[in-house]
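Assemble the whole structure, with the sequences as input and the hints as a guide.
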Amino acid sequence: MSKIKKLDHSFYQRNDVLKIAKELLGKILITQFDGQITSGRIVETEAYAGETDKASHAYKGRRTKRTEIMFGEGGTAYVYLCYGIHHLFNVVTNKKDIPHAVLIRALEPLDGIDIMLDRTRKSKLDFTLTRGPGNVSKAMGLFTHHSGKNLLQEEVFIVDDGFKLNKKQIVISKRIGVDYAEEDALLLYRFGVKGNKFVSKP
DNA sequence: CGACCGATCGTCT
DNA sequence: GACGATCGGTCGA
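Counting the first sequence from 1 gives a position; the working numbering is that position plus 57.
Mixed in with the good hints, there may be bad ones.
List of simulated lysine-lysine pairs, PhoX-like, C-alpha gap at most 25 Å [said to hold, decoys possible]: (1) K79 with K63; (2) K153 with K206; (3) K63 with K152; (4) K111 with K153; (5) K231 with K76; (6) K76 with K258; (7) K231 with K221; (8) K63 with K76; (9) K62 with K206; (10) K152 with K76; (11) K76 with K225; (12) K60 with K221.
For the record, the hints were derived by calculation from the structure and aren't laboratory data.
Structure below.
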């Protein structure tokens with residue numbers, strides 16, 4: 058049995074958002090509130106490189122009430138509503154005033170699968186439960202009111218249980234749904250676990 | 001204050 | 001492959 062440890066500032070506040078996005082693969086995202094515990098292993102992520110990234114909400118340093126969260130210290134949650142329907146969960150990284158973030162796009166469910174099925178109104182476990190960022194947030198019970206939450210606390214956090222992936226198990230590609238970002242839409246900022254059923258297709 | 005649109009998903013053809 | 005759902009964020013007037 059490997060030792061389980063919660064990721065902390067020394068993980069989140071590093072300067073390299075691509076490295077963090079890659080290293081988040083294989084880690085376990087846990088939520089516990091309302092007496093319900095759910096967890097899943099992260100199998101797909103995307104990096105958003107802040108002020109210089111046309112796909113990022115913080116491009117050109119745009120600060121608003123919503124994006125302000127990304128300008129805070131690494132190690133907090135950034136959750137926002139997309140298309141008026143889907144809540145998307147991101148991990149803020151880097152130091153204060155550097156608005157980097159990693160979008161969690163897919164999980165492999167571990168604990169509390171019955172709770173996830175209940176939240177998503179599904180009857181059985183299949184790859185649609187936690188594939189895609191909207192589904193991940195729904196299954197984990199994450200909403201916009203969790204935005205700004207500190208990931209070092211007990212409600213929403215990520216742990217390393219010693220699970221390891223080697224380079225050959227990681228696929229790198231361009232991000233999904235960011236065609237409006239022109240040349241930045243081509244950046245290879247998306248990371249997935251090769252062959253995992255919960256990773257989006259393209 | 002009004003208009004436009006998005007880091008998506010599920011359903012239909 | 002195409003499209004509708006659905007609403008807060010953002011920006012311009």
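A quick look at each hint next to the structure:
1. Between K79 and K63 the CA atoms are separated by roughly 17 Å; this keeps the pair inside 25 Å, and the hint holds.
2. A distance of roughly 15 Å separates the Cα atoms of K153 and K206; the hinted pair therefore holds under the 25 Å criterion.
3. Note on K63 and K152: the hinted pairing holds, with a Cα-Cα distance of about 19 Å set against a maximum of 25 Å.
4. The suggested pairing of K111 with K153 holds, with an alpha-carbon distance near 20 Å, which does not exceed 25 Å.
5. For the given pair, K231 sits about 15 Å from K76 by alpha-carbon distance, which is consistent with the 25 Å threshold.
6. Taking the CA atoms of K76 and K258, the gap is near 22 Å; set against the 25 Å cutoff, the hint holds.
7. A distance of roughly 23 Å separates the Cα atoms of K231 and K221; the hinted pair therefore holds under the 25 Å criterion.
8. This hinted pair checks out: K63 and K76 have alpha carbons roughly 18 Å apart, not beyond 25 Å.
9. Note on K62 and K206: the hinted pairing holds, with a Cα-Cα distance of about 19 Å set against a maximum of 25 Å.
10. Between K152 and K76 the CA atoms are separated by roughly 15 Å; this keeps the pair inside 25 Å, and the hint holds.
11. Taken as a hint, the K76 and K225 pair is honoured in the structure, with Cα atoms around 16 Å apart against an allowance of 25 Å.
12. For the hint linking K60 to K221, the alpha-carbon distance of about 13 Å falls within 25 Å, and the restraint holds.
Of the hints listed earlier, there is not a single one the structure fails to meet.
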